[in-house]
Each structure stands twice: as C-alpha cells, then as structure tokens.
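A.B. asks: Protein chains in written order, with our numbering: chain A, 1 to 340; chain B, 1 to 340.
Keep in mind that a hint or two might mislead.
No copy is singled out in the list; a pair is fine if it fits within one copy or between any two copies.
Stated by the list, open to error - Straight-line Cα separation of at most 35 Å, DSBU-like style, residue types lysine-lysine; simulated pairs: (1) Lys20 - Lys271; (2) Lys20 - Lys313; (3) Lys259 - Lys153; (4) Lys125 - Lys206.
Quick caveat, the hints were computed from the structure, so don't treat them as lab data.
The structure displayed is predicted, hence computed values, not measured ones.
There are 2 protein chains.
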Amino acid sequence: MTDSHFSDEYDFRLEEVCAKIERAGAARVGIQLPEGLKRHGPAVAGRLRELCGAESVISGDPCYGACDPALDLLDMGCDLIVNFGHAELPGMPIESDAPVLFVELAAGVDVAPVTRKAAVRLAGKGTVGLVTTIQHVAALPVAVRTLEEAGLKARVGEPGGRAVHPGQVLGCSFRAATSIADEVSVFLFIGSGHFHPLGVALASGKDVVVADPYVGEVVEINDLRERILRQRHAAITRAGDAADIGIIVGTKPGQRRLKLALKLESMAREKGRRACTIALKEMTGDALENLGLDAYVSTLCPRAAIDDYFRFKVPVLTPQEFEILLGERDWEDYVFDEFH
Amino acid sequence: MTDSHFSDEYDFRLEEVCAKIERAGAARVGIQLPEGLKRHGPAVAGRLRELCGAESVISGDPCYGACDPALDLLDMGCDLIVNFGHAELPGMPIESDAPVLFVELAAGVDVAPVTRKAAVRLAGKGTVGLVTTIQHVAALPVAVRTLEEAGLKARVGEPGGRAVHPGQVLGCSFRAATSIADEVSVFLFIGSGHFHPLGVALASGKDVVVADPYVGEVVEINDLRERILRQRHAAITRAGDAADIGIIVGTKPGQRRLKLALKLESMAREKGRRACTIALKEMTGDALENLGLDAYVSTLCPRAAIDDYFRFKVPVLTPQEFEILLGERDWEDYVFDEFH
Chain A
1 MTDSHFSDEY DFRLEEVCAK IERAGAARVG IQLPEGLKRH GPAVAGRLRE LCGAESVISG
61 DPCYGACDPA LDLLDMGCDL IVNFGHAELP GMPIESDAPV LFVELAAGVD VAPVTRKAAV
121 RLAGKGTVGL VTTIQHVAAL PVAVRTLEEA GLKARVGEPG GRAVHPGQVL GCSFRAATSI
181 ADEVSVFLFI GSGHFHPLGV ALASGKDVVV ADPYVGEVVE INDLRERILR QRHAAITRAG
241 DAADIGIIVG TKPGQRRLKL ALKLESMARE KGRRACTIAL KEMTGDALEN LGLDAYVSTL
301 CPRAAIDDYF RFKVPVLTPQ EFEILLGERD WEDYVFDEFH
Chain B
1 MTDSHFSDEY DFRLEEVCAK IERAGAARVG IQLPEGLKRH GPAVAGRLRE LCGAESVISG
61 DPCYGACDPA LDLLDMGCDL IVNFGHAELP GMPIESDAPV LFVELAAGVD VAPVTRKAAV
121 RLAGKGTVGL VTTIQHVAAL PVAVRTLEEA GLKARVGEPG GRAVHPGQVL GCSFRAATSI
181 ADEVSVFLFI GSGHFHPLGV ALASGKDVVV ADPYVGEVVE INDLRERILR QRHAAITRAG
241 DAADIGIIVG TKPGQRRLKL ALKLESMARE KGRRACTIAL KEMTGDALEN LGLDAYVSTL
301 CPRAAIDDYF RFKVPVLTPQ EFEILLGERD WEDYVFDEFH
C-alpha cells in the first residue's frame, strides 16, 4: 500500500495509534472505519505494518458509530480493536473490558467560508446555538469566531448524554442542543447530511440552519421537519390496526435497550396487543419483511426508524411513538427518541 | 398467537423442545429460524410461552445454516438458543460451550411422485446416487424404494465432512456424493434450488438430475454446470490484474477459516501481490464496494462467491480459484471449495 491511497482530508494519527499498539503489546489489530472511510482500510493496515510491524484484520461490516465496535474481531486473533472516526461513548457497556481504542478523526475542511455565508442568513435572528458532529468539533471555535466577526452572538452547549465534546450531537443524543435551547433563537448545524440537524430540530423545537462545509451550501430544514412529522404521524396511524407487533432490540453493544424492549412488549400485551421481541443487528427492509409482522417498534439507534422510512413496507415506530399509539402519551407531547 | 399461524408443512416439535427447555431450566430462550421459516417465529414464541412458560427473543438477522448460531441472543438474557431447521455440525467450534439446541425439521411434502417422474428420465443410466438437504433426509428411504420399484439401482452415500445423515449434502460439504461418485453413473438430487445440486455436480464430476418435490419438476443441470464453470473461469481471468486483493474471513462461528485466510494473504504477498485480510459477517455487494478493492478471495461459505456472482462488481474467488490465479494450481485441477 502506498500513501497515495490515503485521504487528503483526514489525518489517521497512525504514529499515535502505533504507540498505543506497542504499549498494548498487540501483534494483530482489528481495524474498523465508518462507511465513508472504509476504502482507506487497506492503506491503514499497510502503514501499521510498516510503522510498528502489526498485522491487521479489517472489519468490512457496516459501522455507523462507537455504539458498534466490531467485537467479533477479537475472535480473529486481534489483541486490540482500533475504531476510527468516533468518540468513545461514556458509560457504554462493552462486555469483558474488550480492548477497543477509539480514534477521533478531524475533518480537514475549513468551516469559515460556509459559516460566513450562514451568518448573512442568520443576521438579526438573535443568539445562534452551534452544533456539529464529531469530525467538525475541533473546528467549532473557528465557527464561533466567524459568527462573532459578523456581529452575531454564538453559544455552544456543553456535552451530555453520549456526547463528550462541547457542541457535539449524535444520532441518539442531542443534549448539546437541548441544554441551551431556551437561550438561543436558532441553531446552526455545521456538517453534511440531514439526520443530525433534523434531530436537533425535533429534539430542541427550534429552527435549524445547516451549513455544509463540503459543498459550501446553507439551507434551512423547516420544511423537512414538517414533512418528517407528517410521516411520523402517518406511521402511528398506519400501525393502529396492526395485529402482530414486533419490538426490536439491537444486538450492537451500544444499541442494546433490552429492558426498554421488554417493557414495551409487556405494555403492548397489557393493552391487548400481540407482541414479541425481535433481536436484530441491522434493521433492513428484507429482515422485517421475512419476519412478516404488521408493525414494529424500534429500540435501536433512533435514526433507523426515521431515516429509513421509505425502505420499510410496514410502519416502524420509535418507543415514544408506540406510547402515543397505545394511548400512553399525547401527540402534543411528541418527543424525539434519545439514549440516556 | 394462534396455531393458524403455523406452517402446514413443518412440525416444529415444540413439546420436545419444551422438555429440553425445562431440563435446561431456561426462563428465556432465543429462537432462530432459516429465512423461509422466519415468519413462524412469533407463533413459535407464543406456543412456547403457553406450553412451558418460557419467554422468547426471536433473532431477525439472516440465518443460512448451523454455521451461524445467533450467539448474540445470549447477550439478550437468553439461557438457551433454539436453532430450527438445521442439523448440528459435528466438530464446529462454538465458543464457551454456548447452549445451542439444533432442531431438525422434516418437510412434510411427499417425494414419491417426483421420484417416479425422475425414474423415467433415469431409465437405463445405471446406478443412481441419491442426495438431498436436511429437510428431506428422512424421506430418502421412500425415494430409494420408488427408484427400485422402477427397476433402477439406488445408492445413498454415508455422511462425512459436516453432514450427519446418509445422503445429506450441505453448501460446504458434499462427501455423501463424492464418497460414492465412483460407484454411480448419475446423481438424483431431491429438493429445490440450484446451489446444492450444482455443488454435487462440481464436487463429484457427475451429471445431476434435480427432482423438486414442491413443484413436481425434474430437470438436468448440465447446462448450468457449464455456465457456472465459464463464470468461474472469467472471474479468475478478471482478477488477473487486480492491484489490491482482499482475503475475506467469516465471523460466523462455523465459517471462520482464519488460518486459511492468513495463509492466502501470505501466499499473495510472496507472489508480489498487495493483499489484506477483511472480516465480514455478511458478504454483500455494498460491503465489497465500500472497501473498494479490485478483487476478493472468499473463505466464507463456498456458496457466497458462486451464488451471488452477479451481485458483485469485482471478481470474488474461492481459495482454490485463487491458487489457480497465483499459478499454484492448474485449471484442469479445478475443485469445488468444501469445509473439512
């Protein structure tokens, strides 16, 4: 492998990783990368061999977060798993003290230009809350300064829940937004994709402006929030006459909410519904179709039910939406599902 | 759940299963079913609760054999995993003596009519070897009798490799065919699908006639064998100029051939190829594309490389095909990959 295989954008911090591999005395390491960086796995493996003589096994299975360390790499004779691109989740139970090293990766893209563009759109709107995902947290001070130079007030929320950096949000944890929702007029999300800013909007109740530093675009997502809420309402309604309901519990270490799933199963039965508990690693349309139930409640990553809405032929609800279906919660009290 | 949810074709042997659940003192059991029977999971769970008070968690992830017991159900508080539809694989290493109960299911379909139809086609061809998959092994004596009544000689091979019943073949184990290949003129495969009879043809070098008891059809697969061999030859040729090769090792307990994978990786390097080892639970087209390598060698279930040929954009070879690519084996010595 040559360095030409490497990303221009990310520094994989391999000297630092090698020092930790040597300190752990690991002869073979497991390498895990998020989907967008998977193709750098072979180059990372090659460099680790050159730098510290470690052999590698690369995990090819999908990985969407630190909730999903590839513990099966330990069965492949790996002494250490190196999970790139995610921050360790505080308090996540990893069985048997599995040796997992989480290596956060900072995106090299400059956030200042798109933040300047966003500042024009945000002028006169009052205090702006800044939120982002792990790869841009190191760039938040630059974004704050850029907003302030444009005469705006900026606030960055303290981390909480599963996030560890100020301003950081995860698909299952929006505390950095909700904790300052009362003090800001609007949120500015720095990053790409729709799910995280949508989660900020649903969890905080505030408008969110998205600034994508990769394409340099600034968009508002109010229409998206309304559309998603209509979808969620429709899903609850469609699940209304479901005869058989599957309560889904995740098998990934950081997505196991077994107690919650069993509680929902009991609750369903008490309300006269037929329900059973289904364990899944990946919630795919095929898996749900093969099981053949009429509706599902997902206790997995909240993103799974909402983001993949159109991939599922039957309704898939979040736990809180299921409470609405069972009459245990009002639609007016709709809340976004989060891991606590 | 009501009994009306149950299959007409299969008897799930739940009284017997309950006796074993009670003997094991299991309060919560994990239920695992092959894809075609997944939709009976909720009814099975309901009946187990009625019969012996056991709570259940159903595995919704794909399961294609006894090589893939859902050990993650143990993390869901299950004291026992009940794997329906597969025979235990002798000698398969299941870590930590995981409590898995394998419940073989016999298909209720009568094999006599389609065997009579096949007998007409086989008249004058000499001794017929009978082979089938687990769900029809109990019906093989009926098939033997039917062939004999038609004036044919029939032979059923002793089990070996990973098979435990006379005449039984698996996607990774064709010993019941190869062990009697010299003594028969042709094989009759009882069952549906193309992969198993194709494996019999490739592993034994004999012609195979397929008798599908579900649709009552009898077909020969010589054309298919030739077509697949052309595909395999093309895959080897296409992999010829691959710069980066991924050696895939399976993480399912019965598909882990780590030693073989590491040997192939070394062999590739010795021949001046860039290679790395990739761990995968499911080999999907998406996973291979995200990794972005030019060619792969699969040490998973042999079926994965061959059956999914058209789902992969880059060549995926079996270990023996990779030996041909590296000049370690001649095309004339092509053999089908089996687990030993």
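A.B. asks: Determine for every hint whether it applies to the structure shown.
C.D. replies: Going through the hints against the structure:
no.: 1; hint: Lys20 - Lys271; in the structure: between (53 Å within a copy, 32 Å between copies)
no.: 2; hint: Lys20 - Lys313; in the structure: neither (46 Å within a copy, 37 Å between copies)
no.: 3; hint: Lys259 - Lys153; in the structure: neither (42 Å within a copy, 60 Å between copies)
no.: 4; hint: Lys125 - Lys206; in the structure: within (12 Å within a copy, 78 Å between copies)
Hint compliance for this structure: hints 2 and 3 are not met, and every other hint is.
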